[in-house]
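Participant: Sequence:
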Amino acid sequence: MTHAISDPAGAQGRLGMDMGGTNIRWVFLDRRGAIADHGVQQLPRHAEARQRVPGEIVRRYQGRICAAGLAIAGTVDDGRITWSANLGLADIDYDDELRRAGAPRARVLNDAQAAGLAEARIGAGRGHRLVLVLTIGTGIGGAVVLEGGLLEGNRPAGEVGHMVVDPSGPECNCGRRGCWERIAGGRALAELAAERGKTIVEFEQAARWDGSPEAVLLGERADAFAAGVDSLCAILAPEALVLGGGVMARRGVIAQKYTEALSGLRWGAGTRVLHSQLGDAAGAHGAALAAGDRAREHPSQTEANEP
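If you read the sequence shown in numbering that gives the first Met the number 0, its first letter stands for residue 0, the second for the next number, and so on.
Calculated directly from the structure, the hints in this document are not laboratory data.
Hints should not be assumed to be uniformly reliable.
Stated by the list, open to error - With beta-carbon atoms standing in for the labels, derived distance ranges:
| # | residue 1 | residue 2 | range |
| --- | --- | --- | --- |
| 1 | V163 | R195 | 17 to 27 Å |
| 2 | W266 | E201 | 19 to 29 Å |
| 3 | N172 | R30 | 34 to 44 Å |
| 4 | R30 | E201 | 47 to 57 Å |
| 5 | D222 | G147 | 26 to 36 Å |
No residue lacks a Cβ here, since even glycine has one placed at the ideal position from N, Cα and C.
The whole structure should be built from the sequences, with the hints applied where relevant.
Facilitator: Spelled out as structure tokens, the structure:
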């Protein structure tokens, strides 16, 4: 279902898409950056059909976009999805697929990076020079935004969930043990609950009672979360830390304990702790912003001659 807002015929806008494990969301921004159209749809069950969806959405706006951005839950290398466990997709050159579908320019990035870019520019972190954005969901994703641009090195930076915090800890799908997200991410919390014969909802309810075994266990994971944040603050010294992702969006006792644990940071004492303003829309908006950056970096001849 798409809710559309009228847009001048022929306007060149930016399309941003966020493809998660179940749905794909998108937003179409006009030349002024205003929302001209947006939508969400459920993804097909089969991987081959899922793969085609971003290109199909681009075709709907063919002739009206100057660039398209795609955020995806997986690892990205130079426009190519190398692996997405949630989607069952690997080794797909989405930069090429989006351009063949009708996008003059394309930008593909990890979903946490896209959400981080949006939160830093137009969301909770707006107005801060250096922003660290963490998305706590199944795992822990991150993005570092400096003066409105994603911090990138020889590969996209921000895979903070794979900091090793306990070398003897549980095995991670990256091949190592004790990664931060395997201690403090949503999947790790769900496994902890299952060990006690509870769902994550039941575990969270039990953890409301101070002194309960669940409260003690959650406190240990919250301390591990805070220790990871403090390590990042020691390196980056961010002006603002924005917390997003599904675990924080629920605003339950887990989010409460994780946030409270940050009050004792040593290296992050001067960092403002903020909560996501854009929520589920952050990834699509970030992809659209990244697409706009790509359009400005590589303007067409017509755009280059405009005043």
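Participant: None of the hints should be skipped; say for each whether it holds.
Facilitator: Going down the list of hints, with the structure as the test:
1. Between V163 and R195 the Cβ separation comes to about 26 Å, which falls inside the hinted range of 17 to 27 Å.
2. Between W266 and E201, the C-beta spacing of about 35 Å breaks the proposed range 19 to 29 Å.
3. Restraint check, N172 to R30: a C-beta distance of roughly 41 Å satisfies the suggested window 34 to 44 Å.
4. A hinted range of 47 to 57 Å for the beta carbons of R30 and E201 is consistent with their spacing of about 50 Å.
5. Hint check: D222 to G147, Cβ distance near 33 Å, so the stated range 26 to 36 Å holds.
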